[in-house]
Amino acid sequence: MSAPSPAPIPASPLSLRPDGPVEIVPGIHWIGALDPGLRSFDVIMKTANGTTYNAYAVRGTDGVAVIDTVDRACAAEFLARLEAVARYDEITVLVLNHLEPDHTGAVHELLRRAPQAHVLVSPRGMQILRALLGDEADRYRISAVKTGDSIPLGGRSLRFFTTPNVHWPDTQCTWVEEDGILFTCDLFGSHYCDGRLFDDLVGDFRFCFEYYYDRLMRPFRSFVAAALDLIEPLDIAVIAPSHGPILRTRPRDYLRQYRRLTSPRFADAAGTDRSLLIFYVSAHGATGQMARAIEAGAAEEPGVRVSLFDLEGGEIAPFIDLIEGADGIVLGTPTINGDAVRTIWDLLVTLGDVETRGKLGAAFGSYGWSGEAVRLVEARLQALKMRLPEPGLRVKFHPNEADLDEARAFGVRLAQHLTGRAQPREIDFADLAAR
Amino acid sequence: MDKATLTFTDVSITVNVPTGTRIIEMSEKVGSGITYGCREGECGTCLTHVIEGGENLSEPSALELRVLSENLAGKDDRLACQCRVLGGAVKVRPGG
Ligand code: FES
Ligand SMILES: [Fe+2]
Ligand SMILES: [Fe+2]
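Each protein sequence line maps, in turn, to chains A and B.
Mind the numbering: the first sequence is residues 1 to 435 in the UniProt record's numbering, read in order.
Mind the numbering: the second sequence is residues 1 to 96 in the UniProt record's numbering, read in order.
Heads up, some of the hints might be wrong.
What the hints assert, rightly or not - As a list, the in silico SDA-like pairs of lysine to any residue whose alpha-carbon atoms are at most 25 Å apart:
1) Lys29/B to Arg375/A
2) Lys46/A to Arg215/A
3) Lys91/B to Gly358/A
Simulated from the structure, these hints should not be mistaken for laboratory data.
Let the hints inform the model, and build the full structure from the sequences given.
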């Protein structure tokens, strides 16, 4: 017997309006789509009251630019709103600020109806646009635009800011100087569906704005900060993102809020010291002994603040916040059933929520038979784009004095990789291949 | 076999390599932050900044040049999965 299909979710009437396009300023309209029934976005986020896919039409005296489209399921809704503000033969430009499917679901259909439109994407968008259009790519005029480029529409122009990795390599922002409107695509979005559209009219979406940053943007913190550097000097009247409310009430407050969110959760307690965090899990005390020896070694290096945590004594979330602001992490785990222990994996999985690229990483642990855990942890740290200057340290059973000396030396070397005082090493290809 | 050296400054290690070695073949093994995605010169993940010895690397192919320009790479940036060390000394760190 199959489970009964869930009853359709009754949408709030407020999330169903408007029927047509919505004017932001004369000649610039929202022509997006509402998706009030969505409850999970891209598997990674809950969306308690759905989301919107915002697309926009910008009219100049020489033509109309369409900025982004919508999810495929909402294509008809988008095209209907577009038709209410422009004829297809008036469309001269299609800007795709980001090519993820939730914003490119109507691109094929729109280009079939407006084949003359000049498609503009960021340089890194070119590759994915070619993949998206496949054989049809040759039929259309496609160009890459970057910071400093602009396209006149007659009486208005579009200027572009290349803001990569917020949250895809292809992301960019489009700026209409004459009206002070910045189209930011996913940046400054919220998954929050309310047909009243503007931030001063919709319900309380504040937590959605921050939650969205946390889930989507936080792993790209430094790129978000670089994007802010580019757009902060603009005299912005309206931030028009691709999800959720259009931000027209004190837009600078939203920029400030993003600045705050991109700052480390904990202020620089270590001052100018480099921060090295050691986390361990120990079944019978052996990995814990190694952890303390590594800590003692690292503490010898001036300019490094080293901290030791028994992972099972804490919760993952605050540790993740701490790691976000740290320069390096060292993870200790015994090998149990040929694997690292679950708590270590919980930490390693959750580390994907923050920016780890370029941080120093290392692994260690004691083992009884095979000792796979250290290698597995190292592989995950590398996948997180960390640098692993020292091969992991493994000890069979309990460490003896010599093992502990080695662990101390390992700690010293790790700390020196943070201060730039590490001894340069030379190795032969053949030895390396054997690693 | 002709020799060359390849230095990864982010992990302070120099590898003595046979000529013709691709940077990517070494970078993962030494634990450098130069990592890879596609390994086929398309994704740009392996973007590498060449600090010294760029003249000792193989010429970029048309594909590599296109991916580098689409990534707004600087003149000393290369794709680690594409370029080979031809001799002498080369010094690199993660790009981007
Ligand atoms: S790994 Fe994809 S371009 Fe080198
Ligand atoms: Fe996206
Ligand atoms: Fe999106």
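We went through each hint and held it up to the structure:
1. Lys29/B to Arg375/A: holds, 12 Å
2. Lys46/A to Arg215/A: holds, 10 Å
3. Lys91/B to Gly358/A: holds, 17 Å
Taken one by one, the earlier hints all hold for this structure without exception.
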